[in-house]
Every structure is written in C-alpha cells, then in structure tokens.
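Protein chains in written order, with the working numbering: chain A, 1 to 415; chain B, 1 to 182; chain C, 1 to 107; chain D, 1 to 1001.
For the record, the hints were derived by calculation from the structure and aren't laboratory data. Note that the structure is a prediction, hence the values are computed from the model and not measured. C-beta: ideal position from N, C-alpha, C; glycine also. A few of these clues could be false.
Unchecked claim - Partial pick of chain B residues on the chain D-facing surface, computed with a CB cut under 8 angstroms:
(1) Lys-91
(2) Gln-96
(3) Arg-122
(4) Cys-125
(5) Asp-170
What the hints assert, rightly or not - A few chain D residues that don't get close to chain C, going by computed Cβ distances all over 10 angstroms:
(6) Asn-42
(7) Arg-370
(8) Thr-399
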Amino acid sequence: MKRYSLFAIAREAFSHHQGWERAWRSPAPKVAYDAVIIGAGGHGLATAYYLGKNHGITNVAILEKGWLGGGNTGRNTTIIRSNYLQDPSAAIYEKSRSLYETLSQDLNYNVMFSPRGVMMLAQTHHEVRGYLRTAHANALQGVVTEFISPARVKDLCPILNIDGPRYPILGALWQPRGGTGRHDAVAWGYARACSDMGMDIIQHCEVTGVRSENGVVTGVDTTKGFIGTKKLGIVVAGHSGQVAQMAGFRLPVESMALQALVSEPIKPCMDVVVMANTVHGYMSQSDKGEMVIGGGTDGFNNYTQRGSFQHIEETLRALIETFPMLSRLKMLRQWGGIVDMTGDRSPIISKTPLGNCFINCGWGTGGFKAIPGSGWAMAELMAKGEPGPLAAAFDMGRFREGRFIDESVAAGVAH
Amino acid sequence: MSDAVSPISAAGSEGFARVRQIGPLGMVTLRAKAGTKGLKAAVKDATGCALPDKRRIVTKGAFRAGWMSPDEYLLILPRADVAKALAAIAKALNGQHHLAVDVSDARAVFRIEGAKADQVLRKLCPVDFDRLAAGELRRTRAAQVAAAFWRDDAGFTLVCFRSVAGYMGDLLRLCAQPGSEL
Amino acid sequence: MLLLTCPYCGVEAEETELAPGGEAHLKRFGPGSSDDQFEAYLFARKNPKGVHFERWRHAYGCGKWFLAARCTATLEVFGTYPAQTSGPPDDIIARIKARRPDWKGFA
Amino acid sequence: MSTRLTTGGRLIDRAAPIDFSFNGKRLSGFAGDTLASALLANDQMLVGRSFKYHRPRGIVASGAEEPNALVNLGHGARAEPNQRATTTELFDRLQARSQNHWPSLEFDVGVLNKHAARLLPGGFYYKTFIHPRAAWKHLFEPIIRQTAGLGAAPKDGDADRYEQVYAFCDLLVVGGGVAGLHAALVAARAGARVWLVEQSAQWGGRAPVDGDLIDGVPAADWVDAAVAELAGMAHVTLRARTMAAGVYDHGYVLLDERLADHTPGDGRPRHRLWRMRAGKIIAATGAIERPLSFACNDVPGVMLASALRDYLVNWAVVPGQRTVVVTNNDDAYRTAIALHQAGQTIAAVIDARDQAEGALPAQARACGIRVETGKSIARVKGGKRVTGVEVCRQTGDGTISNFLACDAVAMSGGWSPVVHLYSHCGGKLIWDDAGAMFRPDAAHPPITHDGRAMVIAAGAANGALRTAVADADAQVRIALKELGVKARKAKAPRQDLPDEAALQPVWIMPQAATLGLRAKAWLDFQNDVKVSDVQLAAREGYQSVEHTKRYTTLGMATDQGKLSNINGLAVLSEALNEPVPQVGTTTFRPPYAPVPLGALAGEARGAVFQPLRKTPMDDWHAAQGATFEPVGLWRRPYCYSHPNETPQQAVAREVKNTRQALGLLDASTLGKIIVKGPDAGRFLDMLYTNVMSSLPVGRCRYGLMCNEQGFLSDDGVVARIDADTWLCHTTSGGADRIHGWMEDWLQCEWWDWQVFTANVTEQYAQVAVVGPNARKVLEKLGGMDVSQDALPFMAWTDGSLAGFGCRVYRISFSGELSYEIAVPADQGAAFWQACHDAGAALGAMPYGTEALHIMRAEKGFIMIGDETDGTVTPQDLGLDWAVSKKKADFLGKRGQERRFLASPERWKLVGFETLDGSVIPDGAYVAAAGTNANGQRHVQGRVTSTYHSPTLGRGIAMGLLLDGPDRMGEVVSFAKVDGSTVQARVVSPVFYDKHGEKQNV
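Next up, chain A with everything else stripped away, as it sits in the complex (with noise of 0.2 angstroms):
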C-alpha cells in the first residue's frame, strides 16, 4: 500500500495525480472464507479490520449490497462522545473515542477526528441532576467530563442563547475530548486497510439467504452466488432484522427513520458539538462551515431512509430558541437512515442461536461514535466465539433477564 503523506502528494502532483493506485481492490468473492462479514459500513469494516489486526484472521469478506459506507455510517451527524451514564456503554463509547484519537495514524488515513469538545446543555434542574449523576460515573469509569457552568459554556459557544426565556441554561455536561470525525472517511479509511490486509470487499452483493447445518452457518447465498465461511458476522444495521430473520432468529429491534440536516456553509462560528435534550436538538459545524443538525426518530417502522418532516420543524424550532442567529440561515439539505432501536435503546453484540454466527446491531441513534470500539468488542467475539469484556453485557439475554443498559436515564428524561 502507498503511503499517504504530503510528499506522497507532492510527489503526485507532478504527474497530474496520475500515479494513486486504488484505495480498496474490488475483487470478485472466492468460494470460502474463514470469516464472513456482512454489511460494509463502518461497524462491518471494522470489526474486519481489528479480526485482522488484533486476532491474525486476514481470510476475509466483508459483504456489502449496496456501496461500502453508504448506510448509517455515511448519512450521520459525526458526533463522537463517550460521557454515558451506564458503565458497559461508558467502557464500549470511551474505547471507541480513545481510538478514534489515532485512527488517523493508524490507517494512514486522515478521518479528521476533531476532539473539539462536546457539551450537553442542562435547561431543568431535573437534567442538572442528572448529568451531574453522569459527571460522577464517568469520573469512576475513566471519563474525562466536567458539568461547567453557564458561563462557562457562552465562553465555549459564543453563539448560544443562555438566557432563554423558556429553558435557561443551567450548565452543561462538557466532554473536552469528544468532537466529530469525517464520516466517510471512517468507511474509506477502514476498507483500504482491510483491502491491504487482503481481506476482499465486495460491493453490490447483496445475500439473499444464510445457509446453516445441525445449528451452524455454511455459508451465505448472494447475487454473486454462494460464499462459504467458517463464520458470519452480521453487521447491517438498519436492515438487522431482515438478515435475522433469513438466519432463522427474530431480534428484539425495530427499524425507524433518523432525520438530520445541514445547513449551507458559513464561516467558523461554532467550535464545540452542541447537544440539547430538553428542546431536542443537536448541532456542529462541519470543516466545510455547514450547521449539521441532528433531528428526531420517527414513532413507527420505516425503511425509506426519509422521515416526516415535523420532526425537522421540531428540531429546528428549538435550535432557533437556543441559537437565535440561525434563523436567517437556510437548511441546504434534509435526508433519513434506518437506524435499528432495541427493546433499551443499546446495541447488541451477541452470540445468536446458531454457534457460528455472530450479530453487531441496534446501535440505534448512536452508532457513529462507536464505530472503532464496536469493531473491536465484535472482532473479539467473533475471533475468540466468547465476548469479550467489552462485549459481554451487549448479549441478547439480558431481554429475558430484564437486565437492561438504559441510557435513557441519562437524558434527563424520567422514563
């Protein structure tokens, strides 16, 4: 693999830029391989990533039906945070955060994480207490965060209406480290690693069926015909339920349309992720000076990729109500994922009833952030066929256990 650097650019440039070889190899699929990985976003290149670097497994597919990246993971807000109240989240979100930190290195990638900050503004005294409660666990678990105060945080975002007739703020929930990276980037960086490593991507292969005997998986059937495997990592996301349910198992999600938007670009006027629960909006600004707004879920199963737009208005509303300049700016562009929401609201990285088969889902709203961390708890269980500490509380069992991990507590909601 050809380095990426400013001299390797130089160097190109004087040939017009002729001379990049390509970043990922698009190689048709081989009869068998010892690990199979469905779905190519970022949680799927991943988990193949660290199956190779961690764990010396490099006979790999990662299967992809459409264009790798182009599901949640290229159609996100790009926020990355770890300040969770619920310590198998703190530890899963806090691993993925600190590798997002060298991922730029460690890819020879550039996927701009920016630890620019990420602040979660309290409006009640309701979600004061509760994030203070966060504030308390994440300085148990290894977090850095800090509740700051109002001052503090028109000090950090200037352009932020503290005095809000409705809902001043009270302080916020500051993680220093947390920020944005670029989205696809992630994608591209992980699939030229894996291609590297000779792991085949294989785009456009959509599987059609999952083939199993006496409880364990064969291989899989796809447009491009049958790809056995010694084991199958299911990783798609929004569409987790169907690939289930062709393995033979029912999952307890549902698939709902997550909006966002971005605003046209303008120049720096936001340094911080700002996030707002009470009003129900969250918002950064992207290198290219776009406003990127996150918007709500819908309430009903949807695979459209398109939401309903009072959703957008709500968001906007009070976004608006809490940065009053944005009014004036226009909203560029609106579009939807299908994110997978579990019975908590947490993913799943479980072992599924067939032994060789193994699921990464439900990461519902919040996937982006954890998707060096996810990778690494499933290339684990998938390597080892055990979870690793990591992974461990994510099983399906704690449905039936009533075992939950419910971040919803932290959101300064009650229920």
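Please build the complex by placing chains B, C and D on the supplied structure of chain A, with the hints as guidance.
For chains B, C and D alone, kept in the frame of chain A given last:
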C-alpha cells in the same frame, strides 16, 4: 363563592380577523357507548339537543351537544345550568354504565370572527377548511396543542385546555396580524 | 408525513394528529407465562420490510386507538380498522393480497 | 464590458430606478431587476470567490441553479449569508457583500495559483495532515475551516417573522411555465381544486424569453391570458414567488413563499411555508441548461447560453460586447440570434458537432454569424474576466487552431430536466440517450398512500423539451383520471418551434483534452471540482457515484449540483467505461433550493415557542416575583424570594415556615383522572401494584404504577368517590401520559371491560394547606368540619370553605398536618387568595417546588424521576408493602419476576447522613473496591436525592445501596468528581418525624 374567572384576562384583539375569549360557559363531558339506553334522553334533557351524529355538533339556542368520539359527547350550556344537566343525565342514564363530569373550568373558549377568520385557523390546524361541513365539530391540533372547533355565524368557536389559554390567545392574535392575510 | 384515516371518526388525519404505538396484534403474556413468551411479548418484533400491522392513536382527534396495515418499504396504506380485533379483517387482507401477490399473509 | 442596453428588457421598469450597494459601492438598477441583472448592468462581473481555491467567480446562470453569485445580504438582524443574486429581487437600499475572500474581492490572499492548486486534488485532505497527530486539531483543521465556509455567520437573532399554513388541493402544479399553466388550465376547467406555484416572480418560464408562439400568438400573450383565466376561478390558487421545496410522503409538499424578501420590514411575514397536502402533484419544473467542461470555463464572463439570453431579453443586460457561443446543440443558437438582433457582436458559434444544419443554425448563418463546426474551446483566456478563447478541434487533445478575442462566452451542453420533486420520495429516473439526460420513469413514480403515482412530471421536466405543452396536456389528463375528475375534451395548444437537430453529448471539451486542460475544466464551480478530480476518484476506486461525489465534493455545494451533477456523472461513466445509467445518479434530497431555517420553525418562537401551561394561580405567582421552573410544559414556582433573599435562602425559609406555621402550595398541576364503571375496581387493580378495589368510599390510598417491564412509572393518591368511581392522582406533568396509558389498556386489551375515564386535571385548582396551623386556617375560612374525627388522615370529603365548593383531601407529602383542597379552576385564584388572607395571621407563606422536594425528602418520600429513573422497581425503594402479593396479575408483575429484577443483589433505598453534616453532591456514587474488566471502578450505590435540610440544619440524602437496608449504621464513602470522598452513615430514609405523628393529628 366568587365569580368564575376566565383562564386569561387579556382583551380581544383586532387583526384581519377578530379574536376574543368568550365564556365562562358550562361544559359537561358525557361518556357512554352509542346505543346506551337513555343516552338520547340524557342529551335531550340536559341540552334540548338531539344526539349528535359522528363529528357533528347540534345547537339549540345557548345549548350545544357535540360528538367527540364514539363514546364521548361534549355538552355546552350556560354555566348556571351545569348542575341541572348533570342531574338530568344521572336520571336518564340511571343504571347504565356512563360517566358525566363537569369540565366547565377545564377549558378555554375563543371566538375568531370576520370574513377571513378561517385564515387564522388555517395557519394552525392541519384541516381542510374548504371541506369542513356545516355543523362539523373538528377535533385536531392547533400548533402544538389539542383543540376542537366548529364554524357558525361568520366565525369559528375554538375550545382548548384551560392551562394553554394564554398560548392559544397569543397564537391566534399572531396569526391574525394585519399584513399576514393569505 | 403519513395520512391515515381514523376508522372511528372518519377523519383523514395527518401524522401530527396521531401517535404511533408499535406492532399490532401482540398477545399479552402475564404471570405464569414462560420466559420465552414474556420476552417475545415485550421485545421480539416482526419489523418487516413490507406489509406491517401497527397501532396508532388518534391522539389529537377522537382519542381512539386504531390499527393500520401499511408497507414499511413504500409507506403505502392498505387500510385502517378498529383496535378491538384480534387479527386483520378479511377485506384488508384481500386488499393487501391484491397489491402484494407474493405477500405471505398475516402470521 | 457588461452593460445595460438602452432599449428592451421585458421585466424592468425604467421609470423606477432603485439604488443599492455592492461591497459598499453605490449602484443603481430598475424595478424588476434581480440583484444579478443589476450587478451585470453595472459591469460587476466579479461577484465572489470559489470555495476551495478562491478563484474569481462571476454569474453563470439566471435562476436557482446559480453556483457562484452568492452574497451576504443585509446587515444586523437581517444579515443573510449565501443569498443567491440570481433569485434576489432588487429593492431599494439593498446591501450586498461578496463572500469568501480576504482582504477584498479583487485581491484575495486565499487564492491558490495553479501550482498550489495542484497540491490539492479531490480528496487531498484524506491523504495528508495525518502527522503529527496534534497538528490536525490545532493547525490544519482551523486553517481549512477558516478558508471554507462561504458567507459570514449572522450574529443576531432574526428581525423578521415567519408563518406556516396548511393547505389542501386536488392537484398541485409546480412550475408556472407554459407546461404548468396549461396543466393548471386543463385541471381547473375540469373543476378540480388546483394550486399553481411558481418560484420566480414571473409567470411563463422560458417561452416568452425565447419568443415561442402558442396557438399562433406570442407566448407572453398566451401566458397573460392563461394567468388571467386561472386567476378568475375561485377554486384555483396561484402563487408566484413560491417554491416547492420538497415532496414528502402521502402528498405532502412544502411550499416556501417569499412574501417580503423584496420588501423587507414592511410588516408582513418574511416567508410563509405552505404545508400542502395534494391529491396529485404535477411537476412542470422545466429543465436546466448544462455547462460544458472546457479549460477555464470558470472565468467570469463564461455563462450559460440561456442565462445570457435571459439577461438580454428580460433585463436588457449584456455581459459582454463580443460573445462566443459554444454548444453541442441547436438551442444555443437562439442566444446568438437574440444577441445579433439586439445589435451585439457574435465572434463565432463554436459547435462541437460536425454538422449544424438545423433551422436555428441556418438562421444564425443568415444573420451573418460565423459558425465553426467540429470545434471546441481549448481554453478560456482571462483572469477576472474573459479576454478570449482558444479554439481547437473537438475530437483532438486541445491543440489550438485559432484564438477568438471576446469578453463573454455563452455555453450550452444541452438540458437536464428538473427531476428533483419526482425523486424526493423515490421516483425512478431513466436515461434518455437522445437527449443525453435523465428523465422521470413513468413506470416507477413515487407512490402515495393509495399506491398510485404521487408525482407526475410534465413538459420539459418530463424530458419533453420541445413539446412541453402537449406533454403537459397528456400528463394532466392522466392525473385527473386518477383523481376521478373528468377533463373536458379539447386539443392541446399548438407550440410553434423551429425544428432542432439532435444534440451531440459532449462531456469533456475537447474529447481528448490533455491532463493540464482537464485539471482546469470545472464541473462544480462553487466547490472547485474539475474533470480531473472525478477521474482521479474513479482511478482510486471511489467508483460508486456516491463515493465520487463525497470524495470530490461534486454537487455538494449550495446549488446541490444543479449544474454539475450530470456532467460529473458522465465524466465518471467515461472514466469507468460504463454507460451512464449503470453508474446511476446520486439521491435527490429536499429542499430543491435552500429554505431559511426560520421559515421551517414558523411562528414558534418567543412567547409561542412551546405551549406554556399555567395554573389558575399563575398570575399571582408572577406578581409575587416567583422563580419559575419548567415541569413538563407546566411552569411552577420554584420558590418565592423576598427582597434581598437568594433562592436558597427563600427555600430554607419556606421549609421552616411550613414546618413551624403554615405553608401554601399551588398543587394544581397534579394529575386527576376519574375512573368509573362496573369494572373500574378490577381495572385499577391491574394498573396499580396494590389493591384499589378494596378502598372504602371516602378514603384515600397511595398507589404505584409500573410498566410491563416491572419498573416504576408513576405514583399518586387514589380516592374512592363512590361505589364505581375512583379519582386517581398522578404526578405533575404525568396526567396525559397516564390517561393515555389507561385508555390504551381499555381500548386495546380489555375492551370488554366497562370502564370510562376522564382527565379532569384542569377542572380543578388544588391548594395544599400545610403545617401546624393548617387546620386553623381552614376553620377560619369556615364552612365545614375539618377536625381529625370528621376528616381523619387519608380521608376526603366534599364541602365548602369560605363559600367555595370544594373537595378536601387529608393527605400529606410533607409529613405535616396537611389538607389538599380542590376547587373549580375558575375559582382557584380567588380561593388561593382567600387562603392567604385567612392565613396571614397564622404565618401563611407560599412555598415552591424546591421546598416541596426538601420536605418530602426529609420524610423519606420517594419522588418519581428522582428515586426512579426507569430502571427502579417498587421493591428497590422498600415499597414492597405497596405491591400486592395476592393479586394474580397486575401490569409489571410478570416483569418483576425476571431474573435481574428478582435478584437479591439489587440496590435498595436507604438514607445517608454525612458524618460532617455536608451535603452529598447530586448524582454521587458509592464506590467499591477494585475495578471491573474494563478498568472502571466498581460501584455499590448512588445518591438519588440530596439536600441541605433547613429543618435539621445539615445534609440529608436518599439513595440506592447494595444490600442497603441490611447495612444500617455502616459508613460508606461517596466519590466526588474531584477524586475526594464524602463519608456518610447508612440510615433510615425517614429523617423527620419518623413515626408520622405530625401528619396524623
């Protein structure tokens, strides 16, 4: 005992339509399944009105009976007549499963009047006003709260919950501002 | 922005007048049920990409819960019907089959 | 020299001059001008800088597709970045500033010369700035951010207001060109309820500009007649300046009407967002001309041929004195002919086709215009404006054959139908080889709720570039048929257009352009994406059209690729050696053109941002200067500070006064639901964890509700009113949720049970009269017996106090002698005042929510939302006594039997008393020894409520602790965020009046 005080004290306003709060009115929520024995009589005795059909409101002078859901009616009457109405209902529906309760204080009522009164509500309610039938009681959403209204005498009567009377008054005035005619 | 007709009051209501309520025709399991049954009741969802039966409440209207048959892939609506039914009515099944000949039926 | 001609201009009113300024320079135009036409009339060719290389940019187009002419408009509370000059109507004293340059538009230090630009090919940032790690955050990213971003961020809120309106129609026709007008006429004459919207201020679209004849009359006259006829029909709505921004499911369309953009400050809402629900949508949105990709096609003065024609015909503006037209089709000859007829000089028409023998080329030649076929532009010369073009053979590599001096270039690469609205909800497109364009695939339209087509494209938007009216006629008839509307039989108007020869697709000019030329051939003018960038992406494996788009940023600028997408796609398909349809298109997403966020938020700002629920006593609270806090959508007094008193001091005073004398609380927000019927008792036994059916009439009982998981969701006091009627109190803000919960079970599960519910929360104002003097004040109010005998603890009765008809409950959430009195809401304020008047001599003071919280915590009463968080069971809180063991079933019972909930290792409620009397910090955890496998400290408990108790003069807390009730007396340590600890003793959560003597007197 003091006089009843309306939810908001602000005076009416003149925009391109006239908005004012009216009342206090008497209101009774009556819940009974259609076909309940004595239901017709109960509504008649309480209001003098016939039992309204689906989504209709029947008017008889100062008395009204509106269809709210398959097993719910809203009776509107002078405040002083509420006790009498409740007694009449109890009598007519004696022994039948029903629920009748005074909700006079739980509501705020607005009048929106003028040739363009509908335009005010078009800004707030996802309702096709061109297709709103005469005598139709429409329950819907007005901006961010629940509301019910009907059309009569060159205007609309709108009912919402008492606690959001201020919000509703502000909204109606805002939407009736001169210069924002549709 | 869905448009669903409330089978009780006949209003063709837009989504903002409604509240979604998840999968329809779930059977409640209480005390005495097995872990499997209870887990399935609370969590296992069909989540189909295609014909789906679901609950809606006409929250800003007559307040009644009703059920809808809808395609989650196209958002096409096959019909709505009262909540007081244990399975989809025949006319709705027929309508779905007419439009989705390969639909496997309600199970 | 760009200038205004002395005659002509169908849209301008020369009698109405308008002053405006650009970059502080005073300029003038006419009413009817756009900012773009006025700038051109003033020879302001240079209007901005590109996003990445900061190259000089001029106006390219005449409508919403314009990528370059974006300005900062207005100032202060009316400052708006990225406003498109081509769609901005000129108004008096308009102030515009160019963007994305420093220090000035003419001299920008950000400009990258060709050598530096070469270092920044598409996707360059992914390949560099990797080392050193810290440099990205601290060095590279800030530089990139500063150079990107276009317009300046507004600083203030918005001076304008917005509104939204719901609208309904049978047929929405989008586009006021001749196709749209005709479609609307057919539908309107058939009696359908029709809306016709047009994004610009004028009707007619291109036809009047091109001088078409319709039914033998000039298009402009035909348009006037059509508009007049439509305007005269009551069931037709016409809206100009109204853009269909997005099509959503089930016929929902957002229409953005620009009411006062051109009349700022006139008191009208600035924009009005129509939330249209249409039975069917006709997209008669026309087509957009494509640029051609030749080197330096981005130099100011290079424009779309159609735009140049628009400026000439509509505004009498010509961007140059000597124009070169470059084309691959006949249509562009119209521009040459129009310029010639206006007395302008055409240097030549450069036609990439080997032959140009159609009617229009013939007419051009007849005008004496030089036509060079088989030729293309190798390179445009000039910096901040065109000085000439180098001409070469289209089939070659760019070897220059001749040079043509000129100061404007009109280019045409063919036309692309505007398919956005067709695509927003999933309509499919097909590639039309003849027209080299994507057009709607009528076999795969976006469908609506009934499974039928939601959007039908008509006219040029449907690919019928030259038969727009006839196509519109056919399409509207299809639409009407599906709507069940019978259309009158009539022949479609005849459009008389000269014959046109086929266009020849030209994606790169010349065909075999050298690397150097391709690296200068712009596809996306705003984002600086060139032919070479797309080819690089293809070479590097970013071969999906979405990969290419994202890697190069093609089509991601504020014009969303209206000019660049098809050209980029075609270049990609050539690079991949795959046909265009196989490469596919990117997804079209709303909005069609950017819409102000303020318009999308609508009226909901300031006072009506959200509904604010107020109790009947709210005015009193406000008059007393209460500090409010939101509780759901309610606002409640948090405390009532006296002058010179901090909120903390006020709270302490309110607690002490209530405990020592008399406190009055506005408890009106408490939820109140009547449950009545033969099965009501049975129903409540299912809803509550304890038994409610056995509650005697006249008595009250505290009850808990769980969800099916078994976790606590609400609590409150239930009163039995009569044999089959109960009144259930819920938490403040919980009434609607719990009422909905009840109705859900009654309607969907137990629909054969005879139970009716009614939410009467707002029917009553409720006052808690609390403290040792509570009874005295009620006696003073007089009217009923409120003695312990007549009204014992946990009983209720109806009666009257001071003439107010009321219901009095002997319940206590403070531990004091307490009455809660419900009166009709309309009398709430008066009753509240009466209580204060009567209580004045007894020490009555109001108290707020914080004092309420403290007093309940002193008593060890749980608070839903504090002690519970959705993961806590009644058993966790020591409320086993309120969970029936006898009932076979209740909501949550089965859930509580699950392993994790039934585990003996759950954290349980206890009290905590700090050894030093301090207050345990909110949210603190009790750490345990060691760490888990993920390196996190083990924990064994946490605080749930923690306060300074004014009554006890020290910190008190409740919390959950592993094996808590078995550890009374043990000292545990709470970890503070700073790493230090607070030692606290495990005690009973009841800190005050442990035996409940005070409340029951």
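Results of checking the hints against the structure:
1. Lys-91: Hint violated; Lys-91 of chain B Cβ to chain D Cβ min 16 angstroms, cut 8 angstroms.
2. Gln-96: 10 angstroms, violated
3. Arg-122: 5 angstroms, holds
4. Cys-125: 7 angstroms, holds
5. Asp-170: 5 angstroms, holds
6. Asn-42: For Asn-42 of chain D, whose nearest Cβ neighbour in chain C is about 45 angstroms away, the distance exceeds 10 angstroms, so it holds.
7. Arg-370: 55 angstroms, holds
8. Thr-399: It holds; Thr-399 of chain D is separated from chain C by about 54 angstroms at its closest Cβ, greater than 10 angstroms.
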